[in-house]
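Peer 1: Protein chains in written order, with the numbering used here: chain A, 1 to 326; chain B, 1 to 347; chain C, 1 to 384.
Just to be clear, a hint being listed does not mean it is correct.
One side of the interface only, derived from the structure: several residues of chain B facing chain A at Cβ under 10 Å [claimed, not checked]:
id, residue
1, Pro65
2, Val69
3, Arg90
4, Gly93
5, Phe100
6, Gly105
7, Asn108
8, Pro109
9, Ala120
10, Lys130
11, Ala131
12, Ala132
13, Val168
These aren't lab readings, by the way, just hints derived from the structure by calculation.
Ideal Cβ placement from N, Cα and C applies to all residues, glycine included.
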Amino acid sequence: MNMKWYISRRVLWAVFATFIILTFTFGLLLISPNPEASAAAFSAATEGGDPEEARERVAEIRGEDRPWHEQYVDFMVSMFTLDWGNSFTYHEPVVDTILRAYPYSVALVVPPTIAAIIAGFAIGVYSSTHQYSLGDFLGTSFAFFGLSLPNFWFAIMLMMVFSVYLGWLPVRYDTSVEFWSLEHIRYLILPWFVIWTGAIASEMRYARAETLEYVNAAWTKTARAKGLDETTLTYRHIFRPALIPLITIVIGDLVGIIFATALVVEVIFTVPGLGLISYQALVRQDTPLVLVTIMIPVFIAIIGNLLQDVAYTMLDPRISYEERDA
Amino acid sequence: MTDTEPLLQVRNLETQFHTDEGIVRAVDGVSFDVYPGETVCIVGESGSGKTVTIESITRILQMPPGEIVGGEVIFDGIDLTTASEKEIRRIRGDRISHVFQNPQGSLNPVYTVGAQIREAIQANRDVGKKAAREQAIELLDEVGIPEAGARIDDYPHEFSGGMRQRVVIAIALAGEPDLLLADEPTTALDVTIEAQIIDLLLRLQEERDMAIVFVTHDLGVVAEIADRVVVMYASKVMEQGHVHEIFDRPAHPYTRALLDCLPGPDGVTPIEGTLPNPLDHPDGCRFAARCEYAIEPCFVGEHPSLLPADGDEDHLVSCLLYRDGHDESVIDREPRRADPFAVGDDT
Amino acid sequence: MSLETDTPESTGIDDIDWEEIDANAVRLDPEIFYKYVSLVLLCLLWAYDYIYRDPRLSLLDVDIPLGFTTFNLELNPGNVDYLMGLTLLAMFWWVAVPLARSPEMTKQYWREFRRNKAAVASLVFLAVILVVGLIGPLIIGRPSSDFGAMHEAPVFLGGTWEYPLGTNSRGEGIFKIVIAGMRVSMQVGLIATLIVIVLASIVGTTAAFSGGWVDEVLMRFVDLLMTFPTFFLILFLVYIYGGDLFMLIVILGITGWGGVCRLVRSEALQRTEEEYIEAAEAAGATMRYIVRRHLIPNVSNTVITAATLAIPFLILTEAVLAFLGFGDPDVWSWGRIIAEGRDDLGTAWWVATIPGIFLFATVLAFNFLGDALRDAIDPRHQIR
Ligand SMILES: Nc1ncnc2c1ncn2[C@@H]1O[C@H](COP(=O)(O)OP(=O)(O)OP(=O)(O)O)[C@@H](O)[C@H]1O
Ligand code: SF4
Ligand SMILES: [Mg+2]
């Protein structure tokens, strides 16, 4: 298949997927009881007012008394033009809230993720090239425990030990701390560690599984017969062929696992990133903010998926993998 | 040939695999020699331990589960079974090279063939990238790839099976080895390509004066290329000797039976039965269950050791009937074909 | 085991069973009779309960005399409990009965499985959790607050046997809460998995068999579902529909079937290309017959394995949601009590720690079990 044709098809699919997901979201919001209107109705009822009236008022303010197709067009247009409306709780455009929050999320997620990928790949490759050794056993067991460890509980346990009992590290995040400072690291170290452990286990397992396929590949034997040393051999002939599928998995993983972990971690350590914003929006029923903070991971996932597929076709010299195990 | 020193001496090699079912004795006391510049063919049924023997020599066998548990492999005065990783790495590629059965899988699909040949050159010689590339092109040219300069940057999947095997041979030649271990290098190819690859190997052998150990099922090929033949069965050597002795006066009943498998005037006579289970080799002669000459002593004790047939030190056979006190003449040693060496020509 | 031996004669817990069912269907096999009668009865009970029962009254409230004391058994099942009943029935008819009916196969699986000690321990542990979680709350009742016994230490730290695992800030016993949490985790894990299996099997086999545009549309939909980061989809749905346990389980079920569906489809496609199905088709067998006789038995091992490996994710997700406060405020989930314990880390560390250990152990056990099942029964796994 022609690569250009493939890539353009892939881009079209991403656009289409975005469209479908937005439509679906709109549909859900339209047919379901609006949590925020329900809340207004509830408080009106408790204060002796008319709940129906309160509900309608909220609907009116938000333009929900218009026919659905008008609302739909409005919704789609505003979504695509990044005109995401105002947050009810912050009384400012949602975009501003997001822009203020995201550096914290980046600082929280990126370092441990990179560290987890590097360490996870290294341990995974070690495991697969030393299959059945003690090191492999320890590595795979560690991964197994890591995967089963509830992150939020682990975070609390760390906090209990290091912040509450030992008093080495601060309990709550402090926004007044200089962003680029060593002091900041003291605040970030536990959240980093939780995200790192959350990610490393799966990276390790993927790396082990993917490279295991090549440990006994015929070309590995050819390479060994050339007189290559084991390090070069492992890097070039076992790790490198696995790298392309690994990148694919990792991108999917980043969005799926790491964003979810980050949300929980931000809530626990009160780091004012996107996750905490999202959480507070959910609790306070700030629908515009909820919508955007949930859509961000979704769009990152769609774009990530697209990039990963494109990268795959461009990086992989093989037209197909069929010959691999023939 | 006996007056020069052997290039490679395999002595009582024993290689095992540790599996869930138990210990697989894949090579169980195999000995043979390879002299400089000659071609030794190893023949035997599938599963008889040929590949494991070959791969034990340079220890490229998968270890674990494989393990060399006994014997010696003497190359250039060093015992390769106990040599350090470093020593053996210097020998791999540089002194002893391999060509494998499966040309599809033998090349890494994510690198160009040029990169893979260069890697072999640079693993053994201290040359720059550019010089290595030049050499790689020369090598590709030498193994008969047309327009080598243009094809060097292609990926393996852009080559046909036969061409890929040529690339693998080029890689094997990169370190100018003294010994080439070729494990069924033509089995995966069709007949015309097979003939070309064999011609290529013979030509290269002549030009470079290397010894070749060639593993094959195809007795026709053996007749065409071998100087000496090693016949393996159930992890043991049954018979070894000069190719003419093996074909003209086969001593071992198994060799006899193998030759009967060749299409001859009486048609094909396949060997009845199957190879014994390497997890649990039977007592006595390993071939006894299928041997038409078997006598009672064949079923007890150890497998008979290799002894000269006809008093000829170069022609060894492991069969009780060649011991004193037995009558070897029961074995009909005349070849059934008029000219076994014609076989190679009509393939 | 090689691909060749993987024919209908030698694979699947269910084939022998399915075969007989199919052959005997016309004569109304008693098993099939009981199977459907039990399902129908459960549904009728639910309907009666739903329509006629006053929610304030119990369905069953009897005193059972036990000699020295009387034990009050009060049943007040909700929708989730009925679904749990359905799930247990399904497990009985589609896993336990087929295993019992082909003892040879069972023995073989057991031999494989037994080699993995961690998995055997996990199975025992999970069985205990399931039984205690289902029956325990009926016997010991719901945790109740006791403001005279706030933050009591567990018995191993000098507490009393009245609260073996200590109490929280309202004096509710952690022991009772942990047992209530077992029930919730099992309900979430098993019911949502049943939903996943049903949806994945229907969509997967339909796609594989219809081919063409039906296949294309269905699988594109699955792609879409899988692109969506599941956790956020669930958060969003919970935001809209609220997090009562029933809703939560349904949401977990309908968002989680994508991966299993792909497996079912690819497995089914591979099977349809195999000769015995072509032969059956050529012999004029109906599609329904082929699907039931050949396809489901061969796919079921894959599905069971994949589903077992999906359970940990479901349980963890419920726990996280409960932890974040989006869970059902009426049930005690491990996630919820861990969240409560957060405020008492300095004073009562056991509140957050002990339930977390149970959560961790349960998830770990399901992971071990799934891994061992894959080694023991999954044909796809053995081909490699
Ligand atoms: N990795 C392994 N693990 C266990 N047993 C093995 C392994 N590799 C080879 N064997 C066993 O060793 C024995 C010899 O195998 P080997 O590959 O040397 O046979 P061969 O003579 O080369 O056969 P073929 O002609 O099919 O290549 C066989 O019984 C095989 O099952
Ligand atoms: S030793 Fe006996 S069984 Fe073995 S080959 Fe000779 S005659 Fe046959
Ligand atoms: Mg072989």
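Peer 1: Confirm or reject each hint.
Peer 2: These are the hints, each one checked on the structure:
1. Pro65: 8 Å, holds
2. Val69: 18 Å, violated
3. Arg90: Given a least distance of 7 Å, the restraint on B/Arg90 holds.
4. Gly93: 3 Å, holds
5. Phe100: Where the cut-off is 10 Å and the nearest Cβ of chain A is about 6 Å from B/Phe100, the hint holds.
6. Gly105: 3 Å, holds
7. Asn108: 4 Å, holds
8. Pro109: Because about 5 Å separates B/Pro109 from the closest Cβ in chain A, which is inside the 10 Å limit, the hint holds.
9. Ala120: It holds, given that the least Cβ distance between B/Ala120 and chain A is near 4 Å, below 10 Å.
10. Lys130: 20 Å, violated
11. Ala131: Since chain A brings no Cβ nearer than about 17 Å to B/Ala131, farther than 10 Å, the hint is violated.
12. Ala132: 13 Å, violated
13. Val168: 7 Å, holds
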